[in-house]
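Participant: Protein chains in written order, with this note's numbering: chain G, 575 to 738; chain B, 38 to 156; chain L, 2 to 109.
It should be emphasised that the hints constitute simulated quantities derived from the structure, not laboratory data.
It is possible that part of the hints are untrue.
As the list claims (entries may be wrong) - 25 Å max Cα-Cα, derived DMTMM-like pairs, lysine to aspartate or glutamate:
#1 L:K108 - B:D99
#2 B:K147 - G:D678
#3 L:K103 - B:E150
#4 L:K108 - B:E150
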Amino acid sequence: MKSRMVLFIIGYLIWLLLGWPVDLQHVLIGLPVAGFVTFVTGDLFSQRIHRLRQITRYVWFCYYVPMFLWECLKANIDVALRVLNPSLPINPGIVRVKTTLKSDTALTFLANSITLTPGTFCVDIDPKEGILYIHWIYVQSQDTEKATQLIVKKFENILRKIFD
Amino acid sequence: MQKLRYFIGLIFILAAIFFIGIYPIPSLLGWQSPFLSRCFFVLMLCFSLCLIRVMLGPTAADRAVAIDTLGILIVGFCAILSIPTGRDWYLDVAIAWGLQSFIGALALAKYLEGRGFDE
Amino acid sequence: MSEAIGTLFIVVGLGFDIFGCIGLIRLPDVYNRLQATTKCVTLGTCGILFGTFILKGFCATGIKALLTIVFLLLTSPVAAHALARGAHKSGVKLCDKSVCDKYAEDKK
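Please work from the sequences and hints to get the whole structure.
Facilitator: Structure (structure tokens):
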């Protein structure tokens with residue numbers, strides 16, 4: 575029940591932002607709309623709601639966002655240089671890496687971060703054994719341990735503090 | 038060093054494209070800003086590259102990728118349209134288009150995997 | 002001042018867009034093309050939207066542009082991931098240059 579309350583508040587806020595100059599019509603129509611959305615998708619939201627009250631998670635999240643944006647910019651410049659180079663320096667392949675994260679949200683964020691960072695791109699996830707298959711545009715090492723060290727480690731520690 | 042040279046060369050080519058621009062179409066619409074017409078020209082170039090890939094693509098997956106890219110580009114197109122006209126509902130169109138493109142990409146991926154939609 | 006910064010963001014975004022599209026043409030197989038487009042085109046479009054936000058400020062247009070950025074950053078990698086998995090399961094091979102394919106080894 576508590577998680578549905580949180581979902582209702584988030585949905586209502588997004589509704590108000592979408593119709594930004596807040597007036598009476600939007601406030602009134604927003605209530606039934608957010609209520610309906612909560613009624614339909616309430617089961618899909620996180621059930622362990624007490625985590626939303628821990629302040630340190632937000633602090634780590636604020637650290638994670640600029641780091642992610644910086645990596646994203648580096649990735650773009652890297653891909654642009656590879657594409658513009660006439661000799662096309664690619665050495666692609668799909669490698670296997672291991673992760674120790676368990677929860678679904680953390681795995682989703684890990685896959686998204688890997689996709690938007692330099693040269694790597696997530697093809698499939700095996701959540702039971704914690705294996706990710708990653709397409710790497712310039713394979714530096716085919717070994718699982720070393721690839722894990724190179725790709726996953728920098729995000730894993732932060733994401734564990736945020737979501738696990 | 039070589040990388041840097043190619044990079045600078047391509048930036049020059051891009052600048053040349055940007056300065057050619059195409060004036061007639063936006064001025065027919067009654068816009069005053071030449072800058073935005075140049076933005077339009079660059080985006081048109083991106084669209085045509087995507088459509089070339091749709092035309093050439095050897096497999097169905099290539100075409101799906103190009104269509105997905107086209108969807109994301111149109112979001113940016115709507116954002117640029119909202120600047121000179123000053124109408125905020127272009128961004129509503131952009132959000133809806135992004136959603137449609139996302140769901141379409143998921144459906145295409147399911148189709149490529151050869152599974153039913155109820156799984 | 003804000004106009005100059007917004008214009009700069011839009012120009013950088015357009016540049017990344019066109020690099021992504023050149024990658025879509027030049028790279029040899031589906032997975033490499035996805036690498037190029039999902040990175041460059043996503044960040045390029047986010048740049049255009051952020052430029053719109055800076056030009057317009059905190060009015061209806063600007064806030065919708067910010068919401069669209071968040072939405073795009075969340076959905077576009079998921080779509081790319083689904084497309085790559087679908088392509089691999091439908092039997093698209095990696096290009097000739099590729100070194101290893103651990104995923105195909107594990108699936109057998």
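Participant: Next, verify each hint and record whether it holds.
Facilitator: Comparing the hints with the structure gives:
{"no.": "1", "hint": "L:K108 - B:D99", "result": "23 Å, holds"}
{"no.": "2", "hint": "B:K147 - G:D678", "result": "21 Å, holds"}
{"no.": "3", "hint": "L:K103 - B:E150", "result": "19 Å, holds"}
{"no.": "4", "hint": "L:K108 - B:E150", "result": "14 Å, holds"}
Of the numbered hints given earlier, the model fails none.
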